[in-house]
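Using the sequences plus the hints, can you model the full thing?
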Amino acid sequence: MAWNVVIAGGGFGGLYAARRLERVLPRGSARVQLVTPENFLLYTPLLPGAAAGTLEPRHVVVPLRESLKATDVRLGRVIGADPGVSELQVTTADGREAALRYDQLIVAVGSVSRVLPVPGLAEHGMGFKTISEAIALRNRVLQNLEVAESLDDAEARRPYLTYVFVGAGYAGLEGIAELQDYVADIVERYPRCRLDGTRWILVEALDRVMPEIDARLADFATRELRARGIEVRTGTRLARLDETEAWLSTGERIPARTLCWTAGVKPPQVLERLGLELDDDRRIRVDRTLRAAGRENVWAIGDAAAVADPAAGGA
Numbered sequence: 001m002a003w004n005v006v007i008a009g010g011g012f013g014g015l016y017a018a019r020r021l022e023r024v025l026p027r028g029s030a031r032v033q034l035v036t037p038e039n040f041l042l043y044t045p046l047l048p049g050a051a052a053g054t055l056e057p058r059h060v061v062v063p064l065r066e067s068l069k070a071t072d073v074r075l076g077r078v079i080g081a082d083p084g085v086s087e088l089q090v091t092t093a094d095g096r097e098a099a100l101r102y103d104q105l106i107v108a109v110g111s112v113s114r115v116l117p118v119p120g121l122a123e124h125g126m127g128f129k130t131i132s133e134a135i136a137l138r139n140r141v142l143q144n145l146e147v148a149e150s151l152d153d154a155e156a157r158r159p160y161l162t163y164v165f166v167g168a169g170y171a172g173l174e175g176i177a178e179l180q181d182y183v184a185d186i187v188e189r190y191p192r193c194r195l196d197g198t199r200w201i202l203v204e205a206l207d208r209v210m211p212e213i214d215a216r217l218a219d220f221a222t223r224e225l226r227a228r229g230i231e232v233r234t235g236t237r238l239a240r241l242d243e244t245e246a247w248l249s250t251g252e253r254i255p256a257r258t259l260c261w262t263a264g265v266k267p268p269q270v271l272e273r274l275g276l277e278l279d280d281d282r283r284i285r286v287d288r289t290l291r292a293a294g295r296e297n298v299w300a301i302g303d304a305a306a307v308a309d310p311a312a313g314g315a
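Under the numbering used here, think of the first position of the sequence shown as 1, with each following residue one higher.
Simulated from the structure, these hints should not be mistaken for lab results. Remember, predicted model here, so these are calculated numbers, not experimental data. In this text, a Cβ means the ideal position worked out from N, Cα and C, and glycines have one as well. Hints are supplied without guarantee of correctness; some may be wrong.
Pair by pair, the computed Cβ-Cβ distance ranges are [unchecked claim]:
| hint | residue 1 | residue 2 | range |
| --- | --- | --- | --- |
| 1 | R31 | R208 | 31 to 39 Å |
| 2 | P63 | K266 | 37 to 45 Å |
| 3 | L206 | D82 | 39 to 47 Å |
| 4 | I79 | G28 | 29 to 37 Å |
| 5 | L217 | K266 | 24 to 32 Å |
| 6 | E231 | N139 | 23 to 31 Å |
| 7 | P117 | G28 | 48 to 56 Å |
| 8 | A136 | F220 | 27 to 35 Å |
| 9 | R208 | K266 | 16 to 24 Å |
| 10 | L142 | G275 | 40 to 48 Å |
| 11 | D152 | K266 | 20 to 28 Å |
Shown next, in the form of structure tokens:
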């Protein structure tokens with residue numbers, strides 16, 4: 001009898017797992033189902049290009065059904081699981097709740113934006129993790145230029161021409177640099193905006209940008225950003241936000257109509273409802289083979305998994 005393999009999530013980990021299983025499993029030996037809320041993989045490294053208009057949105061997504069020939073792609077959202085009876089609970093595309101039985105489960109639900117409880121952030125901040133958020137950011141930039149151009153008062157134009165990015169990882173650096181390039185190309189069409197100029201500010205809570213890389217490279221990136229006219233505020237947090245101003249932890253108040261939040265990711269809350277052992281960061285504990293702790297038939301990959309780093313001696 002064929003095994004029933006269920007993959008929860010259609011991001012990088014889920015798609016790669018499905019493609020790998022299609023290649024290595026003998027024909028007819030297993031039924032592979034991939035549950036995902038979208039029928040495409042979003043290639044997140046290209047989001048800055050989509051926001052800046054240098055890439056068409058269709059060029060930053062990979063249709064899952066074109067990439068997977070022998071996998072049953074099912075649109076739905078994972079809402080829980082019962083490992084005791086090997087069932088995954090999902091909400092289907094038409095709003096029904098269903099239970100999928102599995103012999104083997106691969107959890108690849110990725111991560112979500114880590115939004116801190118900053119007053120006004122949820123109401124006035126913009127995200128930068130989905131294709132719709134990238135397009136919304138570009139539309140906001142264009143709308144701001146149009147509004148600023150229509151205003152006679154230079155002081156009133158300032159908030160519309162100021163852009164703040166919070167979070168200086170890859171997404172924040174690439175996003176602010178791409179959008180600055182984009183605006184530099186089109187601002188010639190807006191005489192008042194061209195004379196006033198635009199202002200770009202990158203805010204990071206840590207003492208340097210890009211903590212993922214070597215400090216020398218991070219320093220080089222900071223110098224390059226500042227050479228382009230981008231203001232870099234390290235050791236600084238966003239304290240408060242409203243429709244027209246951003247308050248920083250240093251006491252600085254920045255008149256700005258656009259603030260983009262790129263300050264990291266966290267595990268999705270659904271991991272709490274899968275009946276699996278989690279680490280202190282609320283990711284799934286796994287062994288060296290990526291098998292979930294205490295479960296013979298559940299595996300976790302990608303951002304959802306607490307993968308131990310042998311060199312660091314931890315996760």
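Violated hints - listed by number, lowest first: 1, 2, 11
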